[in-house]
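Chemist: In order, the protein sequences belong to chains A and Z.
Going by numbering that gives the first Met the number 0, 293 is the number at position 294 of the first sequence; the sequence numbering is gapless.
Going by numbering that gives the first Met the number 0, 215 is the number at position 216 of the second sequence; the sequence numbering is gapless.
Fair warning: there could be bad hints in the mix.
[As the list claims (entries may be wrong)] Covered by chain Z, according to a simulated footprint, are these stretches of chain A (three or more residues, beta-carbon under 8 Å):
1) 65-75
2) 100-112
3) 202-211
Derived from the structure by calculation, the hints contain no laboratory data.
Predicted model, so just to flag it, every value in this text is computed and none were measured.
The beta-carbon is built from N, C-alpha and C at its ideal position, and this holds for glycine as well.
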Amino acid sequence: MAELTLVEAVNRALAHELEHDPAVLLLGEDIGVNGGVFRATLGLQQRFGAARVVDTPLAEAAIAGAAIGMAAMGLKPVMEIQFSGFIYPAMDQLINHASRLRNRTRGRLTCPMVLRAPNGGGIHAPEHHSESPEAMLAHTPGLRVVIPSSPARAYGLLLAAIRDPDPVVFLEPTRLYRLFKQDVVDDGEALPLDTCFVSREGRDVTLVAWGGMLHEALAAADSLAQEGVDCEVIDVATLKPLDSETILRSVEKTGRCVIVQEAARTAGFGAEIAAIVAERGLYSLLAPLERVCGYDVVMPLARLEGQYLPSVARIAGAVRHTMEAA
Amino acid sequence: MNAGVSFRIDFFRFLSAEGDLDPSTPAEAIEPELLLGLYRAMARTRAYDGKAIALQRTGKLGTFASSLGQEAIGVAVASAMRSEDMLAPSYRDHGAQLLRGMTMVENLVYWGGDERGSDYAVPRHDFPICVPVGTQVAHATGAACAFKLRGEKRVAVAILGDGGTSTGDFYSALNMAGCWGVPLVVVVNNNQWAISTPRELESATATLAQKAVAAGVEGRQVDGNDAIAMRHAARLAIEKARAGGGPTLIEALSYRLGDHTTADDATRYRDPEIVRREAAKEPIGRLRKYLNARGLWSEEQERRLANDCAEEVERAVAAYLATPPETFAAMFDHLFARLPESMRDQYEEARRFASKGGGDG
Numbered sequence: 000m001a002e003l004t005l006v007e008a009v010n011r012a013l014a015h016e017l018e019h020d021p022a023v024l025l026l027g028e029d030i031g032v033n034g035g036v037f038r039a040t041l042g043l044q045q046r047f048g049a050a051r052v053v054d055t056p057l058a059e060a061a062i063a064g065a066a067i068g069m070a071a072m073g074l075k076p077v078m079e080i081q082f083s084g085f086i087y088p089a090m091d092q093l094i095n096h097a098s099r100l101r102n103r104t105r106g107r108l109t110c111p112m113v114l115r116a117p118n119g120g121g122i123h124a125p126e127h128h129s130e131s132p133e134a135m136l137a138h139t140p141g142l143r144v145v146i147p148s149s150p151a152r153a154y155g156l157l158l159a160a161i162r163d164p165d166p167v168v169f170l171e172p173t174r175l176y177r178l179f180k181q182d183v184v185d186d187g188e189a190l191p192l193d194t195c196f197v198s199r200e201g202r203d204v205t206l207v208a209w210g211g212m213l214h215e216a217l218a219a220a221d222s223l224a225q226e227g228v229d230c231e232v233i234d235v236a237t238l239k240p241l242d243s244e245t246i247l248r249s250v251e252k253t254g255r256c257v258i259v260q261e262a263a264r265t266a267g268f269g270a271e272i273a274a275i276v277a278e279r280g281l282y283s284l285l286a287p288l289e290r291v292c293g294y295d296v297v298m299p300l301a302r303l304e305g306q307y308l309p310s311v312a313r314i315a316g317a318v319r320h321t322m323e324a325a
Numbered sequence: 000m001n002a003g004v005s006f007r008i009d010f011f012r013f014l015s016a017e018g019d020l021d022p023s024t025p026a027e028a029i030e031p032e033l034l035l036g037l038y039r040a041m042a043r044t045r046a047y048d049g050k051a052i053a054l055q056r057t058g059k060l061g062t063f064a065s066s067l068g069q070e071a072i073g074v075a076v077a078s079a080m081r082s083e084d085m086l087a088p089s090y091r092d093h094g095a096q097l098l099r100g101m102t103m104v105e106n107l108v109y110w111g112g113d114e115r116g117s118d119y120a121v122p123r124h125d126f127p128i129c130v131p132v133g134t135q136v137a138h139a140t141g142a143a144c145a146f147k148l149r150g151e152k153r154v155a156v157a158i159l160g161d162g163g164t165s166t167g168d169f170y171s172a173l174n175m176a177g178c179w180g181v182p183l184v185v186v187v188n189n190n191q192w193a194i195s196t197p198r199e200l201e202s203a204t205a206t207l208a209q210k211a212v213a214a215g216v217e218g219r220q221v222d223g224n225d226a227i228a229m230r231h232a233a234r235l236a237i238e239k240a241r242a243g244g245g246p247t248l249i250e251a252l253s254y255r256l257g258d259h260t261t262a263d264d265a266t267r268y269r270d271p272e273i274v275r276r277e278a279a280k281e282p283i284g285r286l287r288k289y290l291n292a293r294g295l296w297s298e299e300q301e302r303r304l305a306n307d308c309a310e311e312v313e314r315a316v317a318a319y320l321a322t323p324p325e326t327f328a329a330m331f332d333h334l335f336a337r338l339p340e341s342m343r344d345q346y347e348e349a350r351r352f353a354s355k356g357g358g359d360g
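One chain only, chain A, in its complex shape (with noise of 0.2 Å):
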């Protein structure tokens, strides 16, 4: 058992895996001796050689397809993109390739490769570096998309997404890469993907949000704890495809749900959570459901972050609106 930032418990999967299957291979960006620019790969070209973690140019495109002629010749690669917002040159080779290899072959031909990038703002990055694109990613038929939000689900998902026969998405918040560290062991066992976590039992609210935004939930029901309001929290974890189970079995409990999501608010992922309860949860529901998102702005820089991104007293504002509902 090791004290882990969510970041060194990237690092901790990802050696895990190459030292334990030879067709596991790390490529990105400096990725080799600098370790990675958030220092996820820190330590493992040196450990498992340059053959195995690999810098290549600077052309995430050309990553994401040599990725996808690796993988369908047996290997299973595991790209970096350094930041969120350079994952879109990648999107034509994501969307028209990795996601259909397997349909439109038949499955002669699969993908089994893991796509690594940060998500999210929060730590005053520059421009572009702060996207948060996982509803396009989770619209695309025949991807996976995970966010872990702790250093512990991180590792587990991790090493499921590698182990995965399909293309898998993993996007890393990178607010929370250092912010707190979480007893992690590193015993190669693998978290469930396509499985929301209850991370907080309660009875009155259910809030519902991913990687970053976990923990802005859970502050926000630490706060309302203190006013009375028990709310339970669900870490979405894989959001393609979705537990939706979890998520209706709370709000059946609860009868109040709030989704909370860092991406721009209109046709973002919780959009679709909300679409299911009304679908299959209305008659649970004692309120009206309610989303806390980013605006519908592009993201602003540094120093209008804070006002952009859903904060605690947004949240909890939110959550009393729903009890005062009914």
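Use these hints to put chain Z onto chain A, whose structure you have.
Modeler: Okay, now just chain Z, sitting in the frame of chain A:
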């Protein structure tokens, strides 16, 4: 740090448009069995191609991309590959694919709108055709990297068109291949047209082969309508890659004698007189003239080959037309290794309406 370099791009042609052989042609490039194999494969490709267009015109096939006049390129490349090598083709490369083992039935099934057409019985490891132009170069680069990392003596080959060399994917993948020295051959079928956009509006470069120079990769030009030179250039590049010599780009100069696809009408944008002039340089007649002159090919053999090809094509068409569509379940069965539980409702919904073709069929 280098400061100031110069480069040259060599051009290869052994067989002139009139069918005359350059005396410098290497002996191994003109072995009779090799040339007869290339000739038969090109004729087979053209017979198939013509029938596919006819099927589309009569409403029995979806959109199809003809390779008319460019048969030498794919056939030469596939003939120089080993079965364990990997091909990442574009949508115009059935010449190469048929020689690699893809069947005519599979290709018809694909263009007929059925994913099973990309589930080739042979070769299992080739990529299906790439529709988003240029992206397949990265797949081949990755495959070549996998071969190199595992110490396998295999080569990856990507084929794309002249328009494909305008994409960032083409260049960034070639650049990556150059950095890594992987066993890759990129073949550019320069048929002078990207739908209606002529070669000179795609790039101001004097050749497309020189784009390889900017990636640290050897680039050469070949007369893509000269099956002998094309085969020779492909063999040299593939064997160089296999021996650890790194990637090569071959620009094959050809001409698209047909429309871009059956959905296109090239008379809207190009002069039929130029097309007629280019047709005189096409690869099959050119090689036949040479084979006839060497006494390697007779009228009788030509008749028999035409008959054989026509019969094979007819059998394939019959098998294709007799292929029933998949059921609704196929949409779901191959999305993931195992269908996620969360999709069960959608599967059941599709099943309820399946017997009526989705509802209104």
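Chemist: Check, residue by residue, whether the region 100-112 of chain A contains three or more positions whose beta-carbon lies closer than 8 Å to a beta-carbon of chain Z, and give the verdict.
Modeler: holds (count 9)
Chemist: Count the residues of the region 202-211 of chain A whose CB lies closer than 8 Å to any CB of chain Z, then report whether that count reaches three.
Modeler: Per the Cβ count (0), the hint is violated.
Chemist: Taking 8 Å as the Cβ threshold, is the statement that the region 65-75 of chain A is covered by chain Z upheld or broken by the three-residue rule?
Modeler: n = 10 at 8 Å, threshold three: holds.
In the structure shown, a violation is registered for the earlier hint numbered 3 alone.
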